[in-house]
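The chain contents come next:
2 protein chains.
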Amino acid sequence: MTMTTPHLLVDPTKVEANIARLDNHITALGSTLRPHVKTAKSVDVARLLFHGGTGPITVSTLHEAEEFAAHGFTDIVYAVGIAPDKLDRVRALRARGVDLVVLLDSVDQAHRTSEANVPALIEVDCDGHRGGVTPDDPALPAIAAVLGDTLRGVLTHAGESYYCYTVEALVAAAEHERATAVAAAETLRAKGFPCPVVSIGSTPTAHATRDLTGVTEVRAGNYVFFDLVMAGIGVCTLDDLALSVVTTVIGHREDKGWILTDAGWMATSRDRGTAAQPTDQGYGLVCDVDGTPIPDLLMTAASQEHGVLSTRTGSPLPDLPVGTKLRILPNHACATAAQHTHYHLTTTTTTWPRLNGW
Amino acid sequence: MTMTTPHLLVDPTKVEANIARLDNHITALGSTLRPHVKTAKSVDVARLLFHGGTGPITVSTLHEAEEFAAHGFTDIVYAVGIAPDKLDRVRALRARGVDLVVLLDSVDQAHRTSEANVPALIEVDCDGHRGGVTPDDPALPAIAAVLGDTLRGVLTHAGESYYCYTVEALVAAAEHERATAVAAAETLRAKGFPCPVVSIGSTPTAHATRDLTGVTEVRAGNYVFFDLVMAGIGVCTLDDLALSVVTTVIGHREDKGWILTDAGWMATSRDRGTAAQPTDQGYGLVCDVDGTPIPDLLMTAASQEHGVLSTRTGSPLPDLPVGTKLRILPNHACATAAQHTHYHLTTTTTTWPRLNGW
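Chain order of the listed sequences is A and B. Quick note on numbering: the first sequence equals residues 1 to 358 in my numbering. Quick note on numbering: the second sequence equals residues 1 to 358 in my numbering.
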């Protein structure tokens with residue numbers, strides 16, 4: 001039976017190369033990785049991260065924590081601010097021997113987690129991207145005081161590094177992320193609070209960093225697949241992109257300069273992350289079925305189950321008859337993968353399941 | 001155990017009212033509905049469409065066709081241009097007694113479907129939105145000639161009606177959709193081709209139409225739930241919106257005017273459909289847990305598992321402590337629902353599964 005389109009395709013050789021590159025970089029700087037599994041949400045991909053074994057991971061949902069724990073991953077940071085009524089699920093996992101640590105940035109939450117005897121990291125804000133307290137905020141020691149011996153350390157995420165477009169800007173963002181986390185840790189230590197964990201990371205800063213002094217672990221997730229947003233930032237090349245959506249040509253509108261495909265936003269997601277970049281890649285770059293980019297051809301529009309391909313410069317459309325298979329390189333691997341339940345592989349007929357849901 | 005957030009919530013009473021309203025309208029105009037099940041992708045919602053029974057449906061994927069067929073739905077139009085290598089799955093369903101009809105707009109495809117003895121509708125373009133041939137295109141009779149007795153009729157979709165913002169514009173789009181489909185059917189009949197089916201529809205035009213002369217069936221899907229895009233067009237009111245995402249407050253950034261929640265784009269989708277409308281609703285309108293909108297409060301930004309709420313006008317934030325449950329009314333129900341595997345209900349503790357995938 002022909003494999004139906006659209007479907008998600010992963011090149012495991014590229015995944016392994018992407019993993020080795022960052023592993024080597026972080027190891028050379030004297031720190032260790034705690035990969036974020038939220039991009040692939042795949043136990044099979046996580047096994048590649050740890051050469052077939054398990055290791056420390058970061059998760060974005062308790063469902064991930066539960067599923068990875070069921071597969072032997074017992075050292076887990078849940079890196080989204082904790083909602084108090086999720087603590088029952090956290091405690092249930094901890095009771096099974098999983099060292100699941102939560103994140104928070106308020107005295108309120110700290111009272112709830114310490115009452116539940118759940119260890120926590122304090123979220124530190126390094127660039128105004130999301131939540132967290134700054135190192136000089138009086139809330140930082142106040143939270144630590146409430147946490148007492150459930151305080152594990154500090155965590156920050158340079159989310160604004162996604163908007164850096166030069167090596168200098170990326171290196172500066174990485175150094176600022178490091179310095180902010182270390183400053184927060186030093187603030188706590190100066191007041192007598194132990195702060196064993198200093199956790200930083202984002203895919204751009206993890207690749208750009210040149211110094212990890214004082215950092216105990218680096219988190220990154222997207223790099224297993226990379227995507228057009230990362231290529232646009234300059235963190236990877238197009239050739240590093242390990243994830244694509246396979247689609248079939250289903251029609252043509254020569255009058256409009258369109259080729260229609262069976263991969264709409266249901267297959268690619270609505271993510272338009274490159275719209276904010278110097279080069280807008282539409283809904284994705286179009287490659288032939290073997291993964292070689294077709295010059296000038298983009299996925300420029302999407303409805304639920306229809307993609308529209310057209311040329312960036314208005315050059316003539318390539319000859320791609322109905323039935324032609326293509327690959328779309330996505331803007332944002334996390335979002336595109338989330339639209340699917342399985343990964344197909346370039347190397348074997350095996351599929352790898354994904355964990356969706358909460 | 002507390003129901004975890006984020007999750008999808010449906011008010012079945014509103015769904016039933018939305019269904020009855022369009023049923024009554026189309027029946028009064030002398031036609032019948034062939035609802036599109038691509039929005040809810042739920043057998044339970046489809047049962048509400050047919051008062052507990054089954055009936056004619058439209059699908060966007062063969063996976064929907066297979067799953068609905070397994071639940072007794074045997075009269076199905078697959079309304080996405082057919083890729084030839086999907087015909088094996090189509091034939092397998094037809095061999096089980098399912099009257100599954102496909103869509104196409106080229107002589108190429110017609111050769112493939114007629115060789116496979118699969119009945120087809122010819123896609124007609126009424127507004128340049130996507131695929132299809134115009135009624136005066138010589139391709140129309142040429143395709144019909146290839147189809148021979150596998151020709152079922154014509155189908156059009158006024159996709160551009162999503163960009164109509166006045167009653168007059170919607171009524172005109174509806175009439176144009178009807179007139180185009182009927183003209184295509186008349187063109188075929190004048191050349192001696194039978195054209196039993198004249199299928200039109202979109203949620204905006206189905207509600208706006210005042211005349212269905214010559215139309216044998218109307219397709220619409222989104223109306224079971226409605227959403228902010230439809231409310232922005234004026235097809236429904238906010239009170240008709242039957243779908244929301246339930247979320248929990250997980251933090252505050254008073255300095256930025258932000259409330260942080262645990263519903264990011266993974267829960268709402270990246271759909272920003274209202275960005276093109278006169279009133280941009282961000283990632284959605286925020287309601288209290290009972291569904292009453294909180295004045296001026298929007299979901300204005302999203303990362304994977306974080307939502308950012310802020311006020312439209314910069315008015316002070318309401319007091320919503322960590323742990324507060326809220327509902328987000330989505331831009332685009334089809335896209336938001338696609339991020340989830342189940343619907344929770346306002347009326348019972350039952351959940352309704354969704355069919356995702358292809």
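It cannot be assumed that every hint is accurate.
Straight-line alpha carbon distances no greater than 30 Å define the calculated DSS-like cross-link-like pairs of lysine-lysine that follow [to be verified]:
1. K256/A - K325/A
2. K14/A - K256/A
3. K256/B - K191/B
4. K191/A - K256/B
5. K325/B - K14/B
6. K256/A - K325/B
Calculated directly from the structure, the hints in this document are not laboratory data.
A quick look at each hint next to the structure:
1. Between K256/A and K325/A, the direct Cα distance comes to roughly 21 Å. Compliance with the 30 Å bound is thereby established for this hinted pair.
2. Using a Cα cut-off of 30 Å, the hinted pair K14/A and K256/A is violated, with the two alpha carbons roughly 36 Å apart.
3. For the hint linking K256/B to K191/B, the alpha-carbon distance of about 67 Å lies beyond 30 Å, and the restraint is violated.
4. Simply put, K191/A and K256/B have alpha-carbon atoms about 28 Å apart, close enough for the 30 Å limit, and the pair holds.
5. Between the alpha carbons of K325/B and K14/B the distance comes to roughly 21 Å, so the proposed pair stays at or under 30 Å and holds.
6. With a C-alpha separation of about 47 Å, the suggested pairing of K256/A with K325/B is violated against the 30 Å cut-off.
Of the numbered hints stated above, those contradicted by the structure are hints 2, 3 and 6, listed in ascending order.
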